[in-house]
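K.L.:
Sequence:
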Amino acid sequence: MAGRNGPYGTDRDIRGDFRAEIREFLGTRRAKVTPAQAGLPAYGGERRRVTGLRREEVALLAGISSEYYTRLERGDATGVSESVIEGIAQALQLDEAERIHLLDLLRGAGTTRPPRRRPAQQRVRPAVQRVLDSMTGAPAFILSGRGDILAANTLGRALFSPVYADPVRPPNNARFVFLNPRATEFFREWDKVANDTVAMLRAEAGRDLYDRRLTELIGELSTRSEDFRRRWAAHNVRIHTTGVKLLHHPLVGDLDLPFETFPVGTDPSQFLLTYTAEPASPSQDALNLLASWAVTHDAESTESTETPD
Numbered sequence: 002m003a004g005r006n007g008p009y010g011t012d013r014d015i016r017g018d019f020r021a022e023i024r025e026f027l028g029t030r031r032a033k034v035t036p037a038q039a040g041l042p043a044y045g046g047e048r049r050r051v052t053g054l055r056r057e058e059v060a061l062l063a064g065i066s067s068e069y070y071t072r073l074e075r076g077d078a079t080g081v082s083e084s085v086i087e088g089i090a091q092a093l094q095l096d097e098a099e100r101i102h103l104l105d106l107l108r109g110a111g112t113t114r115p116p117r118r119r120p121a122q123q124r125v126r127p128a129v130q131r132v133l134d135s136m137t138g139a140p141a142f143i144l145s146g147r148g149d150i151l152a153a154n155t156l157g158r159a160l161f162s163p164v165y166a167d168p169v170r171p172p173n174n175a176r177f178v179f180l181n182p183r184a185t186e187f188f189r190e191w192d193k194v195a196n197d198t199v200a201m202l203r204a205e206a207g208r209d210l211y212d213r214r215l216t217e218l219i220g221e222l223s224t225r226s227e228d229f230r231r232r233w234a235a236h237n238v239r240i241h242t243t244g245v246k247l248l249h250h251p252l253v254g255d256l257d258l259p260f261e262t263f264p265v266g267t268d269p270s271q272f273l274l275t276y277t278a279e280p281a282s283p284s285q286d287a288l289n290l291l292a293s294w295a296v297t298h299d300a301e302s303t304e305s306t307e308t309p310d
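Numbering (the working numbering), first residue to last: 2 to 310.
No wet-lab data here; the hints were simulated from the structure.
Don't take each hint at face value.
[As the list claims (entries may be wrong)] Computed list of lysine to aspartate or glutamate pairs in DMTMM-like fashion (alpha-carbon distance at most 25 Å, straight line):
| # | residue 1 | residue 2 |
| --- | --- | --- |
| 1 | Lys-33 | Glu-57 |
| 2 | Lys-33 | Glu-97 |
| 3 | Lys-193 | Asp-134 |
| 4 | Lys-33 | Asp-192 |
| 5 | Lys-193 | Asp-255 |
| 6 | Lys-193 | Asp-167 |
| 7 | Lys-246 | Glu-227 |
| 8 | Lys-246 | Glu-261 |
Required output: the full structure, derived from the provided sequences and hints.
P.N.:
Next comes the structure, spelled out in structure tokens:
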């Protein structure tokens with residue numbers, strides 16, 4: 002995501018950004034596939050300059066000319082057919098998230114749309130907030146593709162109280178993961194969470210390099226966190242819709258919480274994240290204790306803000 006005025010400048014060559022992303026993404030994917038994994042003889046033996054596939058080997062596997070693949074890897078995405086994309090995806094052994102990311106980048110490289118103005122702050126519809134508030138037994142959030150927590154129910158705010166401690170609004174998961182020293186204690190599998198966070202931001206960037214807020218967030222994280230910069234350079238992407246999050250809450254201790262994510266209406270930039278616990282498990286007991294604390298805490302906060310008669 003390089004621009005003319007530095008890595009995250011305002012005078013940006015957007016199409017050039019997409020071409021650079023294509024080049025770096027395909028280059029990192031080639032490096033991950035060895036000739037043996039692709040079913041090819043390793044010509045050159047110890048004299049090979051690359052550990053992964055050469056461009057001509059990808060072209061051979063994809064059924065296209067070496068010259069055509071080289072132009073494509075350099076960002077010339079004009080008129081690329083579905084069959085060519087599918088051939089390259091198979092040659093590089095791309096998973097579904099990587100294939101979608103490549104399609105997004107190719108689509109972006111072919112556009113002439115100018116950068117948008119700074120977008121307005123995302124809002125959550127009142128009906129969606131009411132749905133969150135009705136989910137009293139499970140922490141629930143509305144997140145943006147950038148990792149902003151746009152809305153939450155009472156139990157969600159209690160569960161992610163360390164994230165909400167950051168005065169910056171809206172709270173942002175990526176900023177917490179990489180810039181808050183408490184994150185390594187809160188996320189018991191911090192390294193996995195860090196990898197997943199960057200992979201999701203990569204996927205979001207592929208969908209829209211014009212998102213100024215996303216660009217600013219990536220610039221901030223790249224400037225302030227070596228852990229982020231190293232992961233960002235790997236160009237990994239991931240679709241992360243379900244799993245188990247291992248947390249350590251400062252009030253109730255360890256929780257093992259399965260999670261699910263769902264799209265919100267037709268807006269691709271917002272999704273619902275919910276956590277649950279296995280019935281009759283220590284995590285369920287801890288979640289129940291946290292729910293009781295959250296109700297009491299909210300009541301005390303309301304009383305303290307009321308104007309006395």
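K.L.:
Could you run down the list of hints and mark each one as holding or not?
P.N.:
Hint check results:
Distance hint between Lys-33 and Glu-57 is fulfilled; the C-alpha atoms sit about 16 Å from each other, no more than 25 Å. A hinted pair counts as satisfied when its Cα atoms are at most 25 Å apart, and Lys-33 with Glu-97 qualifies at roughly 16 Å. At roughly 30 Å between alpha-carbon atoms, Lys-193 and Asp-134 are farther apart than 25 Å, so this suggested pair is violated. The suggested pairing of Lys-33 with Asp-192 holds, with an alpha-carbon distance near 20 Å, which does not exceed 25 Å.
Between Lys-193 and Asp-255, the direct Cα distance comes to roughly 17 Å. Compliance with the 25 Å bound is thereby established for this hinted pair. Annotation: proposed proximity of Lys-193 to Asp-167 holds, straight-line Cα distance about 22 Å (limit 25 Å). For the hint linking Lys-246 to Glu-227, the alpha-carbon distance of about 24 Å falls within 25 Å, and the restraint holds. Of the pairs offered as hints, the one joining Lys-246 and Glu-261 holds, with about 10 Å between alpha carbons and a cut-off of 25 Å not exceeded.
The earlier numbered hint that this structure contradicts is number 3, and it is the only one.
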